[in-house]
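So the number in my numbering is just where the residue sits in the sequence shown, counting from 1, plus 372.
These aren't lab readings, by the way, just hints derived from the structure by calculation.
Any given hint might turn out to be false.
[Unchecked claim] Listed next, with one range per pair, are the computed distances between beta-carbon atoms:
hint, residue 1, residue 2, range
1, 402, 481, 29 to 39 Å
2, 488, 458, 17 to 27 Å
3, 428, 380, 27 to 37 Å
4, 394, 466, 19 to 29 Å
5, 488, 425, 23 to 33 Å
6, 485, 450, 40 to 50 Å
7, 384, 428, 25 to 35 Å
8, 378, 400, 15 to 25 Å
9, 490, 431, 40 to 50 Å
10, 487, 462, 39 to 49 Å
Yeah, the Cβ is synthetic: ideal placement off N, Cα and C, and Gly gets one too.
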Amino acid sequence: AAVIVERRPSWPQLAALLGRAHLVIGMRLHALILAALAGTVPCGIPYDPKVVSFLAQLDLEPAGSLADLAAGAWVDRVLDCHRRRDQLAARIGPRVAALRRAAALNFEPAARLLDLPAVSPENLLALG
C-alpha cells in the first residue's frame, strides 16, 4: 500500500517506513543508504558515480541509467529486483552490517572531540 508522508519524519520514523517497504527504487545516494540500513533492498538508478559505487559495495547492479529511464527499459530490471528481493536482502545483509560498523568508526573521533557518547552501529539512524 502507498504511504503519504505529510510532514518530515524523524530518522527513526523514516527507518521504520523504509523498513516496511518491499523495495526502495531510488536515484539519490542517501535514499539507497537509508533503505539498506533499514533492511530493505535498494534498487538504484544512478545519476552519479557515487551511486554506482555504493551499489557495488553491496554487490548490486544498477537497475538502469538515466537514458534507460527515459526509454522505460529499467522497468524489467526493477521488476526482477522485486522478484529477487528476499535473495538480494540475504546477500546484502552482511555487507550492510560491515558498512554500518565502518560508519560508526567515523563518529568516534568526533564524539571524543565533542565529549559525546560513542555511537553504536545499531543506533546510526537514531541521530535525528
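Cβ-Cβ distance between residue 488 and residue 425: within 23 to 33 Å? holds (29 Å)
Does the Cβ distance between residue 485 and residue 450 fall inside 40 to 50 Å? holds (43 Å)
Could you see if the CB distance from residue 384 to residue 428 stays within 25 to 35 Å? holds (28 Å)
Is it true that the C-beta distance of residue 488 to residue 458 lies inside 17 to 27 Å, as the hint says? Given about 38 Å between the Cβ atoms, the range is violated.
Falls inside 19 to 29 Å, the C-beta gap from residue 394 to residue 466? holds (21 Å)
Quick check: does the Cβ-Cβ distance between residue 428 and residue 380 fall within 27 to 37 Å? holds (31 Å)
Does 29 to 39 Å hold as the CB distance between residue 402 and residue 481, or does it fail? violated (22 Å)
Between the beta carbons of residue 490 and residue 431, is the distance compatible with 40 to 50 Å? violated (29 Å)
Measuring from beta carbon to beta carbon, are residue 487 and residue 462 in 39 to 49 Å? holds (40 Å)
15 to 25 Å was suggested as the range; check whether the CB atoms of residue 378 and residue 400 agree with it. Given about 21 Å between the Cβ atoms, the range holds.
Hints 1, 2, 9 from the list above are not met by this structure, while the remaining hints are.
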